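S.K.: Chains R and L, in that order, are what the protein sequence lines are. The opening residue of the first sequence carries number 1 in the numbering used here; numbering runs sequentially from there. The opening residue of the second sequence carries number 1 in the numbering used here; numbering runs sequentially from there.
Check the hints yourself; a few may be wrong.
The list treats identical chains as interchangeable, and a pair is accepted whether it falls inside one copy or across any two copies.
Unchecked claim - Keeping only pairs whose Cα atoms sit at most 20 Å apart, straight-line, the calculated EDC-like set for lysine to aspartate or glutamate is:
hint, residue 1, residue 2
1, Lys410, Glu175
2, Lys260, Glu31
3, Lys87, Glu224
4, Lys260, Asp26
5, Lys56, Asp374
6, Lys260, Asp66
7, Lys56, Glu293
8, Lys361, Glu185
9, Lys53, Asp429
In case anyone wonders, no lab produced these hints; they're calculated from the structure. Nothing here was measured: the structure is a model prediction, and the numbers come from that model.
2 protein chains.
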Amino acid sequence: MNKPVIRVGIIGAGNVGSALVQLLGDSSRNEALLDAATGPFELVGIGVHDLNKRRKGVPKELLTADVKSLVERDDLDILVELVGGIKPARIYIETALRRGVSVVTANKSLMAECGTELAQLAHQNGCDLFYEAAVGGGIPILRALRTSLAGERITRVMGIVNGTTNFILTKMSSEGSSFETALKEAQSLGYAEADPSADVEGFDAAAKVQILSSLAFGTELSGEEITREGITGVRSVDVEFARRSGYVIKLLGVAERIAKSGISRRAHPAMIPMEHPLASVHGAMNAVFVEGERSGPLMWLGQGAGGEPTATAVLGDLLDAIRNRVSGRHNVPFSVDRTLHSVPTGELESVFYISIDVLDKPGVLAAVAGIFGDNGVSIQSMEQSGFGDEARLSFLTHMAVTDHVANTVKDLSTHRSVDSVGACIRVIDGGTK
Amino acid sequence: MNKPVIRVGIIGAGNVGSALVQLLGDSSRNEALLDAATGPFELVGIGVHDLNKRRKGVPKELLTADVKSLVERDDLDILVELVGGIKPARIYIETALRRGVSVVTANKSLMAECGTELAQLAHQNGCDLFYEAAVGGGIPILRALRTSLAGERITRVMGIVNGTTNFILTKMSSEGSSFETALKEAQSLGYAEADPSADVEGFDAAAKVQILSSLAFGTELSGEEITREGITGVRSVDVEFARRSGYVIKLLGVAERIAKSGISRRAHPAMIPMEHPLASVHGAMNAVFVEGERSGPLMWLGQGAGGEPTATAVLGDLLDAIRNRVSGRHNVPFSVDRTLHSVPTGELESVFYISIDVLDKPGVLAAVAGIFGDNGVSIQSMEQSGFGDEARLSFLTHMAVTDHVANTVKDLSTHRSVDSVGACIRVIDGGTK
Chain R
1 MNKPVIRVGI
11 IGAGNVGSAL
21 VQLLGDSSRN
31 EALLDAATGP
41 FELVGIGVHD
51 LNKRRKGVPK
61 ELLTADVKSL
71 VERDDLDILV
81 ELVGGIKPAR
91 IYIETALRRG
101 VSVVTANKSL
111 MAECGTELAQ
121 LAHQNGCDLF
131 YEAAVGGGIP
141 ILRALRTSLA
151 GERITRVMGI
161 VNGTTNFILT
171 KMSSEGSSFE
181 TALKEAQSLG
191 YAEADPSADV
201 EGFDAAAKVQ
211 ILSSLAFGTE
221 LSGEEITREG
231 ITGVRSVDVE
241 FARRSGYVIK
251 LLGVAERIAK
261 SGISRRAHPA
271 MIPMEHPLAS
281 VHGAMNAVFV
291 EGERSGPLMW
301 LGQGAGGEPT
311 ATAVLGDLLD
321 AIRNRVSGRH
331 NVPFSVDRTL
341 HSVPTGELES
351 VFYISIDVLD
361 KPGVLAAVAG
371 IFGDNGVSIQ
381 SMEQSGFGDE
391 ARLSFLTHMA
401 VTDHVANTVK
411 DLSTHRSVDS
421 VGACIRVIDG
431 GTK
Chain L
1 MNKPVIRVGI
11 IGAGNVGSAL
21 VQLLGDSSRN
31 EALLDAATGP
41 FELVGIGVHD
51 LNKRRKGVPK
61 ELLTADVKSL
71 VERDDLDILV
81 ELVGGIKPAR
91 IYIETALRRG
101 VSVVTANKSL
111 MAECGTELAQ
121 LAHQNGCDLF
131 YEAAVGGGIP
141 ILRALRTSLA
151 GERITRVMGI
161 VNGTTNFILT
171 KMSSEGSSFE
181 TALKEAQSLG
191 YAEADPSADV
201 EGFDAAAKVQ
211 ILSSLAFGTE
221 LSGEEITREG
231 ITGVRSVDVE
241 FARRSGYVIK
251 LLGVAERIAK
261 SGISRRAHPA
271 MIPMEHPLAS
281 VHGAMNAVFV
291 EGERSGPLMW
301 LGQGAGGEPT
311 ATAVLGDLLD
321 AIRNRVSGRH
331 NVPFSVDRTL
341 HSVPTGELES
351 VFYISIDVLD
361 KPGVLAAVAG
371 IFGDNGVSIQ
381 SMEQSGFGDE
391 ARLSFLTHMA
401 VTDHVANTVK
411 DLSTHRSVDS
421 VGACIRVIDG
431 GTK
């Protein structure tokens with residue numbers, strides 16, 4: 001039987017795109033790739049903005065600056081979108097899908113923005129939309145959620161899904177660096193952008209939480225904002241307090257079921273117990289921890305960024321798309337569960353760590369404790385450090401309603417004995433019992 | 001479009017089988033399951049040996065003791081084999097596959113024994129053979145190897161794939177228990193069998209290494225014996241030496257590429273650095289650590305045993321098999337790479353930890369060191385503990401050829417100043433750099 005040749009176009013030849021082209025062009029891998037794809041495929045073109053940029057391992061004759069024509073080629077079977085951003089990536093992807101061309105993308109922002117719509121568009125046109133590389137770089141977590149765990153009722157997904165912030169927090173923890181010093185080091189190593197806000201303010205993690213949640217729970221991908229706190233407020237003293245108390249501070253992306261039909265999605269720093277599997281995820285590594293009703297805890301760990309690891313995730317999707325194409329089928333997209341509703345973060349309960357700078361004089365602790373009590377927040381433990389103008393009170397609360405804690409912080413910050421509220425960070429329970 | 005109903009038969013209703021039947025019968029999950037399967041399916045029968053055994057949540061009317069007739073039902077689409085062992089499971093599976101019935105199994109021994117043959121039989125008859133639950137219980141590692149990583153050149157797979165031995169070694173490490181005490185506790189908790197040899201002698205881990213290796217590298221599943229050492233010789237003093245030196249001792253299953261076309265497959269205890277992700281896999285948890293040329297290090301962690309976690313892995317396979325059935329296709333089995341050859345373990349290099357009990361008298365160290373030197377094994381560090389009749393020398397070698405180390409141990413054990421050789425354990429390098 002003669003199998004048809006599947007024609008693949010790539011747009012974008014940055015780190016990931018170049019690594020992918022090199023992988024596909026590595027002749028020593030050819031047989032294994034053809035085998036994995038169950039049939040022959042051909043890279044027909046690579047759409048780029050600037051034809052003259054040097055790109056190692058990318059054949060010049062395949063480059064084209066006419067991206068539109070590549071996307072609209074009549075014989076195109078699969079488009080790999082590695083341009084990133086919303087516009088013009090969205091237009092390219094929509095054009096391809098409308099023409100029945102399967103799409104593989106690594107575009108987390110776009111998927112978080114309009115993934116539901118794009119997935120439906122793919123389904124209506126009988127083609128695939130895969131985006132494994134959008135979360136966790138080379139970690140094959142999305143395919144696991146949509147295949148291996150398709151029959152499992154997942155209760156919580158928690159991820160260290162931003163390598164930049166994990167690098168910064170690891171530096172702060174292992175070397176006692178300040179946030180600023182650690183950020184500068186991340187920037188000089190190329191882990192952080194000149195404008196680091198997408199990472200350190202939690203935007204990147206939030207988009208990834210939305211994608212994980214859509215596959216784990218069936219929530220929508222429609223640009224909805226979710227609760228987001230960054231790590232710019234995390235200080236060395238907080239990291240040190242965490243360490244002394246048996247915790248580490250990580251920026252976590254969390255999506256979890258609340259009661260029968262509630263869902264909470266958030267990205268924020270959290271203190272997690274040192275014995276939790278996520279606690280030993282260091283540096284720029286990423287990990288996703290999944291808890292299911294029957295499966296128990298599961299964790300995936302790997303390199304969350306970098307051209308080559310991310311390219312292997314794209315390649316896995318590409319092979320899947322080729323296999324489907326060869327056998328004339330496409331995957332059914334994740335189904336949206338319309339019975340779910342978002343539970344406001346303010347209603348959730350958690351243990352909190354709160355650290356305040358106070359004037360060290362008689363009666364301060366009583367006044368501060370009174371504010372906690374008035375807001376219905378019960379204190380589990382308190383530690384004073386420093387003296388005089390430098391005095392600091394660090395509290396761990398019992399389980400408390402987030403809104404009550406927010407009110408406590410507000411009242412604390414305006415109290416005359418309180419200089420400033422330094423930190424208010426959630427404490428996440430242990431994982432693998 | 002009216003989709004055909006896919007008919008599923010299960011044989012075996014032990015822990016995993018019962019958990020699976022309960023999952024399938026849970027009406028609150030029905031819609032999600034049908035959706036994940038992309039079509040209706042029906043459980044038509046559950047073959048068991050003893051009809052009268054109490055099985056919670058398993059409908060009596062589906063039970064049959066006539067397993068042969070269930071397997072040979074004309075309308076059967078998928079057979080789930082959870083009987084275990086070689087015979088009669090093999091006959092049931094072969095019968096089903098010959099009739100074009102897809103098979104989902106959790107049977108690691110059978111897959112290690114004749115997986116290549118069974119996979120070919122499935123392919124020839126246009127049906128599927130899935131066995132995710134055979135390795136790592138609820139951890140979806142096999143599907144990841146055959147899909148997400150299909151295009152990646154994997155260089156090494158290392159797994160903690162036996163929960164019983166990991167429980168025992170964790171107890172020895174955290175509580176200083178002896179092997180015997182830890183084994184008894186494992187038995188009383190139901191983690192270890194009355195005859196624990198399949199676990200503690202490494203047979204179970206070895207079978208899992210063979211399955212992982214077949215998917216990672218394309219080695220055969222044809223009952224070939226691989227290098228296997230158990231943990232019965234691991235003593236408290238070894239665990240303690242490891243801890244002091246920054247290592248933990250784990251029973252590792254290893255499959256790795258050696259040079260261009262060599263493969264080494266082994267199961268043995270190993271000292272791994274505490275900062276390695278596998279080092280923090282505690283108790284009965286399992287984990288598989290995969291290194292790829294481009295993907296970098298990846299790790300999967302989860303519950304390696306237990307009815308419910310394992311049932312979720314079986315369910316993932318079952319849904320895959322149903323989806324394929326609905327769309328009239330089947331997966332291509334792993335391809336065997338006939339250019340690969342097994343590298344004899346004796347030729348491999350490793351750092352070794354060797355501990356010997358000696359008579360504490362002048363000249364002993366010189367004599368012992370001489371034996372190392374005569375065999376071409378260079379010493380990295382030495383530590384003496386105890387005195388007189390209780391003296392013990394603990395060595396870490398530099399990288400050394402395994403055969404040379406074996407000769408060293410042989411010569412040591414017959415030397416007049418040496419009481420006994422207590423341990424000879426490989427030291428594995430750090431992982432995520």
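S.K.: All hints, please: hold or fail.
M.R.: Hints versus structure:
1. Lys410 <-> Glu175: This pair counts as neither: shortest intra-copy Cα distance 32 Å, inter-copy 46 Å.
2. Lys260 <-> Glu31: Result: close only across copies, 16 Å inter versus 49 Å intra.
3. Lys87 <-> Glu224: Answer is within: at 18 Å inside a copy they meet the 20 Å cutoff, but 55 Å across does not.
4. Lys260 <-> Asp26: between (50 Å within a copy, 16 Å between copies)
5. Lys56 <-> Asp374: neither (64 Å within a copy, 50 Å between copies)
6. Lys260 <-> Asp66: neither (51 Å within a copy, 41 Å between copies)
7. Lys56 <-> Glu293: between (47 Å within a copy, 18 Å between copies)
8. Lys361 <-> Glu185: Neither, since 39 Å and 55 Å both go past 20 Å.
9. Lys53 <-> Asp429: Neither: 49 Å inside a chain and 40 Å across chains, both beyond 20 Å.
Violation of the numbered hints given earlier is confined to hints 1, 5, 6, 8, 9; the remaining hints are satisfied by the structure.
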